[in-house]
Amino acid sequence: MTTAELDPSESASVQSYRGLVARRIAILVGLSVALVLSVAVDVSLGPARYAVGDVLKTLFAPGTADLQIRVVVWDIRMPMALLAVTVGASLSLAGAQMQTILANPLASPFTLGLSAAASFGAALAMVLGVSLFPGAISLMVPINAFAMAMAASLLIFGLSTLRGVTVETIVLLGIALVFSFNAALALLQYFASEQALSAVVFWTMGSLSKATWGKVAVTAIILAICTPLFARRAWALTAIRLGEVRASAMGVPVKRLRLEALVLVSVLAAVPISFVGTIGFIGIVGPHVARLLLGEDQRFFLPGSMLSGAVILSATSVLSKAILPGAVLPIGIITALVGVPFFAALILTKGRKSW
Amino acid sequence: MVSLTLDKVGARYGRRQILFDASASLQGGVLTALVGANAAGKSTLFRRIAGHLRGAGAVQLEGAHDHELRYMPQDTGMTAALTVYESIILSLKQGSGGWRLSTEELRAVDETVRRFNISHLVDQQLSELSGGQRQAVSIAQTLVSRPKVVLMDEPTSALDLNRQYEVLESLRLYAEETQAVLILAMHDLNQVMRCCSTTIALAEGRTLAFGPTLEVLTPALIRRLYGIESRVERCSRGAPIMIVDGPAVQDAI
Numbered sequence: 001m002t003t004a005e006l007d008p009s010e011s012a013s014v015q016s017y018r019g020l021v022a023r024r025i026a027i028l029v030g031l032s033v034a035l036v037l038s039v040a041v042d043v044s045l046g047p048a049r050y051a052v053g054d055v056l057k058t059l060f061a062p063g064t065a066d067l068q069i070r071v072v073v074w075d076i077r078m079p080m081a082l083l084a085v086t087v088g089a090s091l092s093l094a095g096a097q098m099q100t101i102l103a104n105p106l107a108s109p110f111t112l113g114l115s116a117a118a119s120f121g122a123a124l125a126m127v128l129g130v131s132l133f134p135g136a137i138s139l140m141v142p143i144n145a146f147a148m149a150m151a152a153s154l155l156i157f158g159l160s161t162l163r164g165v166t167v168e169t170i171v172l173l174g175i176a177l178v179f180s181f182n183a184a185l186a187l188l189q190y191f192a193s194e195q196a197l198s199a200v201v202f203w204t205m206g207s208l209s210k211a212t213w214g215k216v217a218v219t220a221i222i223l224a225i226c227t228p229l230f231a232r233r234a235w236a237l238t239a240i241r242l243g244e245v246r247a248s249a250m251g252v253p254v255k256r257l258r259l260e261a262l263v264l265v266s267v268l269a270a271v272p273i274s275f276v277g278t279i280g281f282i283g284i285v286g287p288h289v290a291r292l293l294l295g296e297d298q299r300f301f302l303p304g305s306m307l308s309g310a311v312i313l314s315a316t317s318v319l320s321k322a323i324l325p326g327a328v329l330p331i332g333i334i335t336a337l338v339g340v341p342f343f344a345a346l347i348l349t350k351g352r353k354s355w
Numbered sequence: 001m002v003s004l005t006l007d008k009v010g011a012r013y014g015r016r017q018i019l020f021d022a023s024a025s026l027q028g029g030v031l032t033a034l035v036g037a038n039a040a041g042k043s044t045l046f047r048r049i050a051g052h053l054r055g056a057g058a059v060q061l062e063g064a065h066d067h068e069l070r071y072m073p074q075d076t077g078m079t080a081a082l083t084v085y086e087s088i089i090l091s092l093k094q095g096s097g098g099w100r101l102s103t104e105e106l107r108a109v110d111e112t113v114r115r116f117n118i119s120h121l122v123d124q125q126l127s128e129l130s131g132g133q134r135q136a137v138s139i140a141q142t143l144v145s146r147p148k149v150v151l152m153d154e155p156t157s158a159l160d161l162n163r164q165y166e167v168l169e170s171l172r173l174y175a176e177e178t179q180a181v182l183i184l185a186m187h188d189l190n191q192v193m194r195c196c197s198t199t200i201a202l203a204e205g206r207t208l209a210f211g212p213t214l215e216v217l218t219p220a221l222i223r224r225l226y227g228i229e230s231r232v233e234r235c236s237r238g239a240p241i242m243i244v245d246g247p248a249v250q251d252a253i
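Residue numbers (full-length UniProt numbering), protein chains in the order written: chain A, 1 to 355; chain B, 1 to 253.
Derived from the structure by calculation, the hints contain no laboratory data.
Every residue gets a Cβ at the ideal spot worked out from N, C-alpha and C, and that includes glycine.
Partial selection, computed: residues in chain B whose CB lies under 8 Å from chain A:
no., residue
1, H52
2, H67
3, T76
4, M78
5, A81
6, E86
7, W99
8, D110
9, S119
If we strip away everything but chain A, and leave its shape as in the complex, we get:
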């Protein structure tokens, strides 16, 4: 699969397939380079202005830099920049696999109600001080958010095992969940104190500002666990996109695969959402960008979705610092504002059907 050299004894179709594979690998490499550059710019930007040279020096030789810049770069900017990468990759991968198993281009952690459920869970902590798992007061907000997001996906998961439930039904149930949790959230906000209200509103905007090395590690570990599990099922997941009947005709255990993927996707989406709040757009746009660039062979689509999600969120993080000098806008706002025109341009200019 990796050899791009053309063997003259091979037929034209094999040669053309090898060319296609080589182009796809080049696109993946390009996305990786873009990601590294974007993270580098992200780390060098921030409300405190340092010369790029000083930042680089702090990165590669932290011992020689002075304490202030070392704290800013290593304890504030690096976790934020890397959390953008892991969260972008997780949400995009989760969206990609939701779209795959539900055969629906609109499926994402956001449209299936996971984000809305997480917001409601977070608001429970911030407005009423209710902890779903008593004990960890400092982590009350993310734990509540995670618990509600998991509850929402377990509900969808449970319903999807019922007889006669189709993928369309699952998507409709997800949308019903979005409305229910949004209503419950609005109710909480209505009764909230002014201080709690602003906390809830800020949380639902989505922000990387509470990034820590711990959160980076947790999201990275979850990615490291889930990605190989998806990779092992690459051919089966690709086959599901030919339709349920065709896939089972090829011997793919469609129902079991769908359940396994739903479990993985739930964890993959719920953890980042509980750390950063609502960043709705990545889970839909990341996979679509990857699909347009690389097609849906999961050997390319899987890493491609992760990379495109990471690049988009990292670039958005750069923009959120660059738009208003001295301020960091909540990233959830920028993703949609900048992402939507980009996405619209991409699907409208790319000649072939995107779904």
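We have chain A; now place chain B onto it with these hints.
This is chain B only, laid out in the frame that chain A set:
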């Protein structure tokens, strides 16, 4: 030699029993037609044989493993962002795990592409194919792993006359070469008489007849299957053809 025996096979979707009693004993190497009116249970029988549905009776396979069975469902749209070539590779790689493609695997894909005359389509996206092209690609997807039991639901319904002939001829050759059992659900009885040596006639979930095609497809059976009057005659070159005369007369049914 592969053989497939169906012994009083039944199947149900939920509470609805679709298939009651399908029995037949098939040998590999030739094409077998499965004929019957719409909703007679043809697709259900296929899905029961393929193991997607459970039910009464027994499906016995000799000379082949379960994973060497492939079922080609009726034509439906394919929206996946894959090229034709990728979709055929995909079918070959199911169950084999690894991400790498060997030269032999690429050669197998190539051979299938050439056999079914779709070399000019390999770089096209699935979503850009016409109905007939899609059907040809589906056939290639089904046969690329060289299965020993092949169940095809109306494999030629969207093809033009020339392609119908080509595809049926390739399928007949495939059966002969691999000694595989090939069952084709078909509606065009003239085509059935031309290419299929044996025929299973299914009505309301039961086999009405099974055996050599010309013995099965009699005017009486065609009347029971489809409710039409017909004649099976010899054409000027001696080949049997079916001529439709019109709907069956009420008291004749």
